[in-house]
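Undergrad: The lines below spell out each chain.
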Amino acid sequence: GAVVSQHPSWVICKSGTSVKIECRSLDFQATTMFWYRQFPKQSLMLMATSNEGSKATYEQGVEKDKFLINHASLTLSTLTVTSAHPEDSSFYICSASPLGGETQYFGPGTRLLVL
Amino acid sequence: AQSVSQHNHHVILSEAASLELGCNYSYGGTVNLFWYVQYPGQHLQLLLKYFSGDPLVKGIKGFEAEFIKSKFSFNLRKPSVQWSDTAEYFCAVNADAGNNRKLIWGLGTSLAVNP
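Chains as they are written, first to last, in my numbering: chain A, 102 to 216; chain B, 108 to 222.
Bound-form chain A, shown alone (with noise of 0.2 Å):
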């Protein structure tokens, strides 16, 4: 139980076009979602928590009009990298928590590369 799935699992894409990655709870519902990044040789990094039905909650220094979610239902959230730039290059992971649950489930990640 408890799985998250992520997809694309990678993409390669050009400088200043846009990519969505999709992050789903397949049998499980989830009323937050986290989005992270995470740097080679690094830990994860929170960009931002995603609330079912209501407006993300960024981190700090996370721009929001470049890193557009959507939690649109219990089973589904997306972020959108728009305008994609090399420096956004990076290992994108999703996670999510069952209603009233505590813990944190985890998607297996995007590889994004923009060239």
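Keep in mind that a hint or two might mislead.
Below, a list of computed lysine-lysine pairs in the DSBU-like style, where the Cα atoms sit at most 35 Å apart [claimed, not checked]:
| # | chain 1 | residue 1 | chain 2 | residue 2 |
| --- | --- | --- | --- | --- |
| 1 | A | Lys115 | B | Lys209 |
| 2 | B | Lys168 | B | Lys156 |
| 3 | A | Lys115 | A | Lys142 |
| 4 | B | Lys178 | B | Lys156 |
| 5 | B | Lys209 | A | Lys142 |
| 6 | A | Lys167 | B | Lys209 |
| 7 | A | Lys115 | A | Lys165 |
| 8 | B | Lys156 | A | Lys142 |
| 9 | B | Lys178 | A | Lys142 |
Just the calculated beta-carbon pair ranges, DEER-fashion [claimed, not checked]:
| # | chain 1 | residue 1 | chain 2 | residue 2 | range |
| --- | --- | --- | --- | --- | --- |
| 10 | B | Gly136 | A | Gly154 | 25 to 35 Å |
| 11 | B | Leu214 | A | Arg212 | 14 to 24 Å |
| 12 | A | Gly117 | B | Asn221 | 41 to 51 Å |
| 13 | A | His108 | B | Glu127 | 37 to 47 Å |
| 14 | A | Gly117 | B | Glu127 | 41 to 51 Å |
| 15 | B | Gly135 | A | Gln161 | 21 to 31 Å |
| 16 | B | Lys176 | A | Gly202 | 20 to 30 Å |
| 17 | B | Thr137 | A | Glu160 | 21 to 31 Å |
| 18 | B | Gly160 | A | Gly117 | 45 to 55 Å |
| 19 | B | Ser187 | A | Gly154 | 42 to 52 Å |
| 20 | B | Trp190 | A | Asp166 | 45 to 55 Å |
| 21 | B | Gly135 | A | Gly202 | 16 to 26 Å |
| 22 | B | Ser112 | A | Glu160 | 12 to 22 Å |
Among the chain A residues that face chain B by a calculated CB cut under 7 Å, a handful are [what the hints assert, rightly or not]:
| # | residue |
| --- | --- |
| 23 | Ser144 |
| 24 | Pro209 |
| 25 | Gly210 |
Honestly, the hints are just simulated from the structure, not real lab data.
Heads up, the beta-carbon is just placed ideally off N, CA and C, and yes, glycines get one too.
Got chain A; can you put chain B on it based on the hints?
TA: Here is chain B on its own, set in the frame of chain A:
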């Protein structure tokens, strides 16, 4: 500011050796505590967690951790490691348990077990 520190950044052990990874946090209120593991090329998996009750918690694959409130610590242990335990280990704390699910992460400990 709330923080989580993992004392060992890199640990190298031989098979059958005992393991203890340190984790300390700075927050005086109610906390939920987690250890996650990331095997090479895989996504983050929950090893074990502590919310309340018995401060000695047992997780998957023979791991256990002890919550010592007076020391603000949640050290991870395993009496006899295997080569398959080679992975990155992250300690995380929910420092506002019950109010939000945001986690504060340690920088991780890279464990290499030699066969």
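Undergrad: Hint check: B/Lys209 vs A/Lys142, CA-CA at most 35 Å. Holds or violated?
TA: holds, 22 Å
Undergrad: Does the Cβ distance between B/Gly160 and A/Gly117 fall inside 45 to 55 Å?
TA: Between B/Gly160 and A/Gly117, where Cβ atoms are some 53 Å apart, the hint holds.
Undergrad: Can the restraint linking B/Lys178 and B/Lys156 be considered satisfied, given a maximum Cα separation of 35 Å?
TA: holds, 17 Å
Undergrad: A range of 42 to 52 Å was offered for this pair. Does it hold for the Cβ distance of B/Ser187 and A/Gly154?
TA: holds, 48 Å
Undergrad: Using Cβ atoms only, decide whether A/Pro209 comes closer than 7 Å to chain B, and label the hint accordingly.
TA: Since the shortest Cβ distance to chain B is 4 Å, the answer is holds.
Undergrad: Within 35 Å, alpha carbon to alpha carbon, are B/Lys178 and A/Lys142?
TA: holds, 28 Å
Undergrad: Quick check on the hint: A/Ser144 CB to chain B CB, less than 7 Å?
TA: holds, 5 Å
Undergrad: Assuming the hint says 12 to 22 Å, is it satisfied by the Cβ distance from B/Ser112 to A/Glu160 or not?
TA: holds, 20 Å
Undergrad: Can the restraint linking A/Lys115 and A/Lys165 be considered satisfied, given a maximum Cα separation of 35 Å?
TA: holds, 21 Å
Undergrad: Just to be careful: measuring from the Cβ of A/Gly210 to every Cβ in chain B, is the smallest value less than 7 Å?
TA: holds, 6 Å
Undergrad: Next pair to validate is A/Lys167 with B/Lys209; report whether the Cα-Cα distance is within 35 Å.
TA: Given that 35 Å is the threshold and the Cα spacing comes to 22 Å, the pair holds.
Undergrad: State, for the Cβ atoms of A/Gly117 and B/Glu127, whether the hinted interval 41 to 51 Å holds or is violated.
TA: holds, 49 Å
Consistency note: the structure conflicts with none of the earlier hints.
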